[in-house]
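Student: What follows is each chain in one-letter form.
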Amino acid sequence: MGLKGEDTPASPATPDTPGMDSPKANQIVYPRQANLSRPGDADVDMLGDAVTITRMEEVVAWGRKNSLWPIPFGTACCAIEFMGTVSSVFDISRFGAELVRFSPRQADLMIVAGTITYKMVPILKRIYDQMCEPKYVLSMGVCASSGGFYDNYCTLQGIDKVIPVDYYIAGCPPRPESVLQAIVELQNRMSRTGK
Amino acid sequence: MVTTSTGIDFSKLRQRIGDGLLEETVLLPMPCVRVKRAALAETLQFLRDDPEFRLHQLSELTVVDMLYLREDDRFDVVYLLRNIPNELRVAVKCAIPEEDAWVPTAVGLWAAADWGEREAFDQYGVRFEGHPNLKRILNHHEFVGHPLRKDYDIYRGHWCSEAETLLDELELRRRRFPERRNRTDEDPGETMILNIGPSHPASHGTLRNLVELDGERILYSIPEIGYLHRGFEKSAETHEYNQVVPYTDRLNYLSAISNNVGYIKAVEELCGIEVPPRCQAIRVILCELSRIMDHLVCNGANIVDLGALTNFWYLFNLREKIYNVIEGVTGARLTNSYTRVGGLWNDINDDFVEQTRAVLAEIPQHVDDTLKLVARNRIFLDRTVGVGKISLDDAISYGWVGPCLRGCGLDHDLRKSDPYYGYEQYDFEVPVGHQGDSYDRIMIRFEEIKQSARIVEQALDNLPDGPFRADHPMAYLPDKQSKTYANIEGLVNHFKIVMHGITPPQGEVYSWTEAPNGELGFYIVSDGGMKPYKCKVRPPCFYIYSAFPHIVEGEMIADAVAILGSLNIVAGELDR
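Sequence lines, in order, name chains A and B. Our numbering puts the first residue of the first sequence at 187, with every later residue one more than the last. Our numbering puts the first residue of the second sequence at 7, with every later residue one more than the last.
Next up, chain B with everything else stripped away, as it sits in the complex (with noise of 0.2 angstroms):
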């Protein structure tokens, strides 16, 4: 474990909860409170309200399942917090026994805890005393057990007879807030209560909504999601470091490089590689294109709900031509597989950089095509502007983040604030809305799109050579005859990598990038071995469309549909 000095002054909490604060230490990057379960609640208010640190936004909520790392208490719970415009994070650890396992909520100081707390109940059974609703969210209600505790097989499924028919939570809801109803019992009037999806065009797959109706408003929503729960976490604990990167492909699919730069950057984070410019300059210009590609998607199918098809073909035409240049790169149009630890799976192509450049001289026009088409028009500003508005502190509260958060005004972008990978050398503007509505949602994405083309542009223009992976024995194998064969320790570096993999030093790190959807965070522990011991994803829609009962509850049913294309809710990304 990593035990440096925080930077941090933590005295104010000590004085506050005494004893109750264990221990200072680092959770890489950021400073790390360990604290009693008594202390828990006063901890986290303190942290949230505080004028020094003010962590307004809890980023992640998580367990860690100690079961094979230590004797005593058997769950870590992992409070990751945020003050989004001081860049400041702080994370709390609290120790929970196992046949005691529960700690109080913290749903009343962030909306995001809700969500963030029943997965944790669902996946390893700690409960939170006093949530109002802990049933299970990714797994089925007719799931035994506790997946992700260490000792659960990852074989062993369940099968699922019938769905749920969330009448339940519809009734918690209604006594939790009464007055949305607005009924009396003079006028109790008529409501109808409706299932959306998961098999609906609308509800991209695999959302499920059941609404309860006044007329065409909705009175009340409550979204099931869990459709495309397919493991990822529980699987990345069962793979070599380097196998996790086709698991990261299907996170956010839109995107897939994205997701394979946000789980290498974490690795590498724990491995202590640094990559070489080169390298960054690559995964840049690639997590660009990602960027553009996932945009027209989200825009593309966004307009086809509010009944515009034509751009749809406008847009994914584009993105098909950015698939041609990935392909060549890749070997892949969708699930690309790009990064490894250390670097890079090959080099780019011979002719990548002057087919990209081909591309970026089309973007303008496909998106102008389509701005014409409904920036003036008047269906489309009626059904956007003023819809699915949110608030700065809901959005903030509910753990939003990216071009969704940037929608209600706040100017914030790790690519600015927290540069990785030489972000601070480039030029680009961060597009900003104004009062969080669908409408600009949509056009600040439209805007990333240009802004992104000038990224990879500049990138292009700069492309560093040199090496592609870092020089590290982790990095790749060694070249066999000027080392392997020559001398003992190319032989002894060589048989190491072959057998026991990559294997990173012992410790825990959250490292983060800006994904199109926002932050997207791995938090990874390590026990030594040649496998995470946990990989947790801090997926950013998981926190969006938690607050999509907030937007909607009051809106017109069919508006429903176009915030939801505007949160850009990937399923894959949603439910791992």
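If we strip away everything but chain A, and leave its shape as in the complex, we get (with noise of 0.2 angstroms):
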């Protein structure tokens, strides 16, 4: 398609290409928005916004930002909750995150909503282990984030004592709401990292 080695710039990270680098911590960029075709290159002038240049890793940050497939590890109250995030009200598609896995092998992005107790430790872990790489975590609740006032003999004070997490959600329940930021924020995360 016109783009031959020498014409684009062995490392998109140089002053001509505004915008993709630093995007403002809420917005969502899309490739087509970011206008990479460089000035005078006239092979991708011709074509219009048909075509658009940009970074592999970008591209795959932001498809996976917006298509990220959960496994609810469901254990109590949060799940239920968590069903109110899924369903009409609040509507977790809204975000690209709708579709719900059960296979630790389909899915991306683990919410752990409830109580993991001792017992239930090596299959959160396993769960974990089977999920590909890139991966994220979830922390719904305070049950999971910390034990929350189950401080007992039987429950788990903290998933991050077994599993890394990258989000805390507060609440016991955590409202849906709170539920949808905390996949805002992970997403804003992936677009500004692209990880």
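You may find that some hints are simply not true.
[What the hints assert, rightly or not] Computed from the model, here is a short list of chain A residues facing chain B with C-beta under 10 angstroms: (1) 260; (2) 261; (3) 266; (4) 275; (5) 280; (6) 307; (7) 337; (8) 344; (9) 353; (10) 361; (11) 362.
[Unchecked claim] In silico lysine to aspartate or glutamate, DMTMM-like type, Cα no more than 25 angstroms apart, as pairs: (12) A:311 - B:467; (13) B:156 - A:337; (14) B:456 - B:467; (15) B:489 - B:353.
[Unchecked claim] Computed list of chain B residues with no C-beta within reach of chain A, every gap over 12 angstroms: (16) 60; (17) 62; (18) 139; (19) 184; (20) 231; (21) 314; (22) 327; (23) 351; (24) 441; (25) 484; (26) 512.
Since the hints were derived computationally from the structure, they do not count as laboratory data. No residue lacks a Cβ here, since even glycine has one placed at the ideal position from N, Cα and C.
Work from the hints to combine the two standalone chains into their complex.
Tutor: Spelled out as structure tokens, the structure:
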């Protein structure tokens, strides 16, 4: 398509490619909006906006963040609020994360919704290990985050003792809006850092 | 301890076991007999079979650790027995010493004893001699000690490195029911062992099943529970009476207020507090709204298990609307913590009645839309009618209650047979199934949604005015200007409730309500202090789920999923 090696910059992080390197925190940047074609590049100009030049990682990050496939590791009350997040009123699909998978091999966002007991620990660890990289973990509610008010002999005091956590959501259980906020935060981070 | 005449004649029992019967007493509100261990088996057998008693259900089995209450025999094993149609309840107690902590098993008498005894063994270390499979049920297999013993430190946890294989239980079950395998040496055939759960869409997050399959037919099923055992009872023992309320929210979290009310009713009976009519009516309204919410999710999820997703959104939208109403009253969507000893957290908000009426008007449409999609649907009928059947006798023996028991054809509802909070003044019907299959259980829940709506409507029409909490020193802080600063009694009362909290008299009580899943009982022992000495829940779905292998063995694996959904197993209540 006329994108010859010598015409495209070896490293896109040159001053000629504004916009893509530092998007504002809350701004979702689509490759098409970032006009990367350089003035005077006839081949590209001729094609108008049918072609966009960007970096591979950014396209991947863009696709990834808008198609998170969550695996709900729902054990308790929070799982019911997660149902509320998925259902029509709050509608998680507005953020591209509605395709709930129950196979860890098909999912990249684990939402730990509910109390994790010591008995559940080996299961949680195994499910997390079975997910493909890159993977993200939301710890939904205080039980998953810190054990909550179940400070006793059977409750794990926070899942971060076992698996890494990207975002903690406060609440017992958190309202659906908080879950959505965490997903948006995660998406912003993904577009900011590419991972 | 309360020692009044029980009004029940135990002379026949006394004739039978002689001085094995130590004492006739009262476990509020039912009669209680205390027997020697040597006479325990015979007592239980007698109470089950004698035509005068015929206590065909073991409602609850638990142990009380009397470490701080008496010198000798450390444990009390408590059996709560029940005849459902006659509303007759009897408690049996047997004291046993710590160094020799065993009693004979009751598995041969009631199927419910199987899991009940396993739990008592797990939590207290009491052995039940003759139990076919006495192993831990709530705690994991690497756990050391028995957590509900009074000298067990609440913070002492144990890591679990690996899940159990459960193959030992499978082997036991094979030996116990060899005929189900239907194999001969000439035709050994091939079977497959499959693990389902606990992280599986159809296992509600925390249930695990190991099944042995012949093709798609289940030969043996071994359920494992306890993945959400989060120590409700131990936590309750370390919190004041009102502080336990938030823990009860999280038992059956689909209908939190029902649990709040069930627990608080027990404490109030222990304290002898009668709540005013307005409080009763508000509790009834919110309990019935909770029942509707519970059934909506149960049926919605069950139909999803059958492969129909649309219904779930139809039903869940209605749930969201009820959330809005309940949030207005309690401030929370799901975990409400609305009740307090002697009343409620607060009165209802101004537009509550109006909002509730608006939601009630929408219920029929949501339910009918769903029923239009499923009631005459060939797939739905094929997969539910005649599937997951259980006979009435088996259901009673397994300790079934509530909609599941009514599905087997028994017309019994605690709101009718033993009304509390003025349920007798409301006009409603109790739907009853006739063959105890998944279809009956689902349809009963749909009907109960409509009946609960009727109750709420009537309660709103006749909502009494007046205070929303009892006029009792334990129910609320006395008014500062008119009482605390005005007279010495008010000041003392204020001081006592702030410093000592709520202190029910010494004694014990078992109190029950008709929760969405059936009889939700709370057995509370008080030592006169500000915290419960023991607080045991009788969770309806614990005993309902114990019958799961009995139902699904012989069924198709895909139907097991649908059957599980129709039982409405809520992990928080199951594992506590």
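Student: With d taken as the least Cβ-Cβ distance between residue 231 (chain B) and chain A, does d exceed 12 angstroms?
Tutor: violated (10 angstroms)
Student: Holds or violated: are the alpha carbons of residue 489 (chain B) and residue 353 (chain B) at most 25 angstroms from each other?
Tutor: holds (22 angstroms)
Student: How about residue 353 (chain A): closest beta carbon in chain B under 10 angstroms, or not?
Tutor: violated (21 angstroms)
Student: Over 12 angstroms to the closest beta carbon of chain A is the bar; see if residue 484 (chain B) clears it.
Tutor: At about 29 angstroms from chain A, residue 484 (chain B) clears the 12 angstroms cut-off, so the statement holds.
Student: Can you verify the interface hint for residue 261 (chain A): is its Cβ closer than 10 angstroms to any Cβ in chain B?
Tutor: Holds. Min distance 5 angstroms.
Student: Using 10 angstroms as the Cβ threshold, decide whether residue 361 (chain A) counts as touching chain B.
Tutor: holds (7 angstroms)
Student: Is residue 139 (chain B) truly not at the interface, in the sense that its beta carbon sits beyond 12 angstroms from all beta carbons of chain A?
Tutor: Since the minimum Cβ distance to chain A is about 18 angstroms, residue 139 (chain B) lies beyond 12 angstroms and the statement holds.
Student: Taking the closest pair, is the beta carbon of residue 62 (chain B) still more than 12 angstroms from chain A?
Tutor: At about 34 angstroms from chain A, residue 62 (chain B) clears the 12 angstroms cut-off, so the statement holds.
Student: Over 12 angstroms from every CB of chain A: does residue 314 (chain B) meet that, or does the non-interface label fail?
Tutor: Holds, because the least Cβ-Cβ distance between residue 314 (chain B) and chain A comes to about 15 angstroms, which exceeds 12 angstroms.
Student: Run the distance test for residue 456 (chain B) versus residue 467 (chain B): straight-line Cα separation, threshold 25 angstroms.
Tutor: holds (17 angstroms)
Student: Just checking, residue 512 (chain B) versus chain A, shortest CB gap more than 12 angstroms?
Tutor: With a cut-off of 12 angstroms, residue 512 (chain B) remains clear of chain A, as the shortest Cβ separation is near 26 angstroms.
Student: Close enough to count: is the Cβ of residue 266 (chain A) nearer than 10 angstroms to one in chain B?
Tutor: Holds: closest Cβ of chain B sits about 6 angstroms from residue 266 (chain A), inside 10 angstroms.
Checked against the numbered hints listed earlier, the structure breaks hints 5, 8, 9, 12, 20 and 22; every other hint is satisfied.
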